[in-house]
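Protein chains: 2
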Amino acid sequence: MNDSWQLQSYLKERIRLVDSALDRYLPGIEILPTRLHAAMRYSVFAGGKRIRPVLMLAACETVGGEIKNVLPAACAIEMIHSYSLIHDDLPAMDDDDLRRGNPTNHKVYGEATAILAGDGLLTEAFILLSNKNFWGDLPFDRYREVINILAKSAGSRGMVGGQIVDMEAEKKPVDLPTLEYIHTHKTGALILAAIEIGALLGGASDEQRRALCRYGEAVGLAFQVTDDILDIVADPSQLGKDVGSDEQRGKATYPALLGLSGARKRANELRELALSVLDIFAESARPLREIANYIVHRSS
Amino acid sequence: MNDSWQLQSYLKERIRLVDSALDRYLPGIEILPTRLHAAMRYSVFAGGKRIRPVLMLAACETVGGEIKNVLPAACAIEMIHSYSLIHDDLPAMDDDDLRRGNPTNHKVYGEATAILAGDGLLTEAFILLSNKNFWGDLPFDRYREVINILAKSAGSRGMVGGQIVDMEAEKKPVDLPTLEYIHTHKTGALILAAIEIGALLGGASDEQRRALCRYGEAVGLAFQVTDDILDIVADPSQLGKDVGSDEQRGKATYPALLGLSGARKRANELRELALSVLDIFAESARPLREIANYIVHRSS
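First to last, the protein sequences are chains P and A. 1351 is the number of the first residue of the first sequence in my numbering; add one for each residue after it. 1351 is the number of the first residue of the second sequence in my numbering; add one for each residue after it.
Calculated directly from the structure, the hints in this document are not laboratory data. There may be inaccurate statements among the hints.
Because identical chains cannot be distinguished in the list, a pair is counted as satisfied if it fits within a single copy or across any two copies.
As the list claims (entries may be wrong) - Here are the simulated lysine to aspartate or glutamate pairs, DMTMM-like style, with alpha carbons at most 25 Å apart:
1) K1482 - E1557
2) K1399 - D1369
3) K1601 - E1567
4) K1502 - D1491
All chains should be built: construct the whole structure from the sequences, respecting the hints.
Structural data, given as structure tokens:
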């Protein structure tokens, strides 16, 4: 399909742009302490799909902003995402040996270095966001707000909060509200922040910002619902982890609570919601539209 | 001694001020996820001496600034200090069961929660620093710089970098340059940042800022040298940990490299340097002068 090919080449070009910026912004492996910087880079460049940076760039473009103004923040959010994966994989947390088919950070560098590499990446995000070189022509208060949004989305009432409720929920019955709390926090908060920051740094009006936030909420949850579905139905070689691993671990999932067809219905409703709030935009929202379709269709 | 009594009551009043602000700024234990917020608060209120916030407040006053303008940043730096202690104490790191005579965070809440509580505190610091309510009348660029200074001092080229070099240095011979690298990064960077941020938010001139930074460097290192001395000579009941624990762990220390009298000489030189750079200030620098004396004299 021609459209699908276009999205793939769009994503590929954006990922290249983000990867190259991450390489520029992260401390080099020649900088002391070299092993720590190697560990930080190992996880950032371990084959992530760059969903959050790509969404941030696309939100910025949707409101007519320039990509270069949002690239540092896009890298900062990817650093935070990478740190969260390093800490999630630790023996005391999910105890995973593999991520995207590669050994996890602590399997390569040891637990202590992995903890510190995560801490370093989280902190690096705020070094980057507060670097004067990246504060452009917008009112300074907008840059302040960007830092505040990102910190809140990553903190104890955002991503970290979702992670702890997720852990507490293992091996005990979980209802739908708890499951939605986990996902709107653990993955949804950072995805929403990506979209909102892209809108802010792209110069969005209040109305545009509100619409994009609703898109971000819907797509963030749709992403998680389809992830749960993929855990059951996917080809293991595409998944990069074992099929059925959520079930083995006793994790609550949408298919477990809603059934497979119920989960697919929910994903599709979220996709339609995401598309409908984009109606106020013309052609500039095409990437966001195609990403919403792509996220949901990969599981059907 | 009358002077010493005055310093003690000054410190007591400042600690009370900082503690009360920390209580206001940290998420309450009634806010979800409640267990995470309880764990974050547990370590913040585990009897810290609030050295960094107290130094920040004193630097602000030295240049004629108002304490209320610097209190949020003082709490942010204490949150970062607390997070670093939680992660340092983890089994994969220093594996400590006690801190200041109390069970460490992971002994009370478990390892996973302790990791996340540390992550939450680090992130909370940046939520606080980017909160519009705490940006006052100074040029906005100064608040940006405060965030940047704090992030850099805590990151991979600051505190986290010092921690990893410290771990790598255990059980192998360490020379004086490596030991100074460890301490100027692991503890020195955050102490220096406290002083510099206090100066900035107090409205320091460039000359005042430079002088206070030199004070911060000297006092930060003096603090570590005397800590090493105390590890050998202190009364265990005062130390809150076992005497000689550094030696048992194979940690490099100043007394091990310079001898006890050499280490005392070094601490005193640093104290004199710290006092001499304060000569450009009149009575307003009295707290900083007394703190420098106090830090070094507690070990003699």
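Results for each hint:
In this homomeric assembly, K1482 and E1557 come within 25 Å of each other (Cα to Cα) only across copies, at 22 Å, whereas the closest approach inside a single copy is 29 Å. Taking the closest pair of Cα atoms, K1399 and D1369 come within 25 Å of each other only inside a single copy of the chain (10 Å); across copies the shortest separation is 43 Å, beyond that limit. For the identical chains of this complex, K1601 and E1567 are intra-copy neighbours only, at 22 Å inside a copy versus 50 Å across copies, given an alpha-carbon limit of 25 Å. Taking CA atoms no more than 25 Å apart as the test, K1502 paired with D1491 passes in both settings, with 16 Å inside one copy and 21 Å between copies.
This entry satisfies every hint, going by the numbered hints stated previously.
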